[in-house]
Each structure stands twice: as structure tokens, then as C-alpha cells.
Amino acid sequence: MFKTLEELIQIIRSRKNSNESKSYTSQLLNNKTLSKEKAEEEFQELLEAIKIGKNQTHEAADLVYHLLVLLECNDIKIEEVMAELQKRQKQSGLEEKASR
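Numbering (our numbering), first residue to last: 7 to 106.
Please keep in mind that the hints were generated in silico from the structure rather than gathered at the bench.
Just so you know, these numbers come straight off a predicted model, no measurement behind them.
Warning: the hint list may mix true and false statements.
Straight-line Cα separation of at most 20 Å, SDA-like style, residue types lysine to any residue; simulated pairs [unchecked claim]: (1) K22 with K42; (2) K42 with N80; (3) K42 with I15; (4) K28 with T63; (5) K38 with K9; (6) K9 with T63; (7) K57 with D68; (8) K42 with A67; (9) K83 with N23; (10) K83 with F8; (11) K9 with N80; (12) K22 with V70; (13) K22 with T39; (14) K42 with S29; (15) K9 with A89; (16) K38 with V70; (17) K9 with L73.
Now the in silico label distances, taken between C-beta atoms and shown as ranges [said to hold, decoys possible]: (18) K28 with A66: 19 to 29 Å; (19) L14 with T39: 16 to 26 Å; (20) E90 with L14: 14 to 24 Å; (21) L40 with L14: 16 to 26 Å; (22) E90 with E13: 19 to 29 Å.
Cβ atoms here follow ideal geometry from the backbone N, Cα and C, with glycine treated the same way.
Input sequences plus hints: build the corresponding full structure.
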């Protein structure tokens, strides 16, 4: 399951370093404003999907993709985000509770 996420991150990173101007991902990576707007739009669409109880998974996938692109175009590494989450988990004792 997480292999898919890792592969998506690698694709996004490869598009960041390419000249594929026709790629939607490349367009987002090269335009921080557009990337931010799309992430906001996808978040709102997920909230609406949850409200009406329809297409939640589809909208959640859209948001995850756009969030990963937004992070990458702002040089925020997902590895650093995950390390921060792990640090918080240890600090809060959630790690111990989850393993019980």
C-alpha cells in the first residue's frame, strides 16, 4: 500500500527536475500559486464529498496528490514531515499505546 505512495513521490520529484511542460504535475510544481490553489480546492471538494457522503475516496486521493505536489514545490520533504510525526508520536506516548 505505501509502495504506491512512495512511487507517487518519486514521480512528482522526477517531474520537478524535468522539462515536461505538458505534464500537469510539472505545471503545478512550477507555479506555487496554482499548486496552493489546487490544494485548497481539493480540500474543499473533500469536505463537500464527506458532507454528502459520496466520492470521499476519490476526493481524498486528489487531495493527497495535490498536497504532495504542494510540499515538493515548496521544498518541504515528506521525509521531514514523517520524521516530525514520528517525533510527536514518541513525545505523546502514542507509540506505546499503539503497540499494546
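| task | If any of the earlier hints don't hold here, list their numbers in rising order. | result | The structure conflicts with hints 4, 5 and 11, although it agrees with all the remaining ones.
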